[in-house]
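Trainee: The sequence shown stops at residue 375 when you use this note's numbering, and every number in between is there.
Hints are not guaranteed to be accurate.
Stated by the list, open to error - Using 16 Å as the maximum straight-line C-alpha spacing, the simulated EDC-like pairs for lysine to aspartate or glutamate come out as follows:
hint	residue 1	residue 2
1	K150	E82
2	K75	E361
3	K74	E268
Since the hints were made in silico from the structure, they are not lab data.
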Amino acid sequence: MDSKKRFNSFSEELKRIFGCRVHRISIDAGFTCPNRDGSLGNKGCVFCSERGSGSFAIARGQDVATQIELGKEVMVRKYKAEKFIAYFQSYSNTYAPVKELDALYSAALSVSDVVGLIVGTRPDCLSPDVLTLLSDYNRRTEFWLELGLQSPYDRTLEFIGRGHDVKTFVNAVGSLKPYGIRVCVHIILGLPGESREEMLATASFINSLGIDGIKIHMLHISRDTPLAELYEKGGVKVFERDEYVDLVCDFLERLNPNIFIHRLTGDGGKDLIAPKWSAAKFEVLNEIDWELERRNTMQGALIRL
C-alpha cells in the first residue's frame, strides 16, 4: 500500500510503474449497449443518460486517436501528465465484432505516450472471442477490464434495470481469471432499498471474488434519466456529504487492502441534478483522507487476510 495514502491508490501504483504522472483519457468510441439496442431493453439503466453513465469524453464524435490527442493536451495543461491510459468508457466497450474492437484498441495504443488500456463493459458482453482478444492486449500493455456490477443484490439489479443478475457477474469474473486479466468492479453506494449494513457487506462480497480494483460511486441523479423522474417525486434520497465520507471510510476498513482503489467519488458531470456537493470532487476526496487520518485507520483495518 502506498505510504502517502491510507488506501491502495491506483494512481500512485501507475506512478510507481511508469515513474511519472499517468492520467486516463476517456474515449467515446461509438459503442452501444444490450440494454439500449433492444437486445435486453432500450432505456438503459435507471441512472444512465442517453450519453452513457459517467461519460466524460473530451471530443465525442472524433476518431479514437483524435480524442486521445485532444485529451492529452488537457491532461498536460491541468495535471502535468506525462503518460496516458486510453479509457474506453462510454457504454459497453466489448459489445461489437472482435475485428472492430481490435482496430479501436490498436488505434488507441498507437498514439504516442499511451502506455495502457482500460476497457469498461458489462459482465454479459464477454464472449469467448472477446476474451481471447482481451488476453492478447493484457499481454501487450498495462490493461484493466472494468465491469459494472453496481450492487451484489439481485433485487437492486432488477430495480435499476441492469438486465443481468449477480451470478452473471460472478461467472464473468471467473471466466477472466484463467487469462490473468485484472478486473476493476464498479459499485454504487446509496441505491434505493439498500440498508447501510448491506452496502458495507458489499465489501465482503468483493473480497470473496478476488477482485483486483474497485471504483466506488455515490448515487448520482442525472438529468433525463428514469431515476431523475423518481427523485423529483421524492422517491429517491441521496447522501449528505458527511454521510458519504463516513460510509466510504467504513467501507474501506472492510475492503481487502490488496485491492486497488481506482475511484472513491465522482462529480456527476454536466448532467448532475443531485447531490450538488459532489461537484466539488477534490474537496470530498480530501475529507475522506482527513477522516481516515482522524480515525487512524486504513483500508482493510477491520479484516483478517
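Trainee: Hints numbered earlier in the text: which of these fail when held up against the supplied structure?
Mentor: Hint 3 alone not satisfied by this model.
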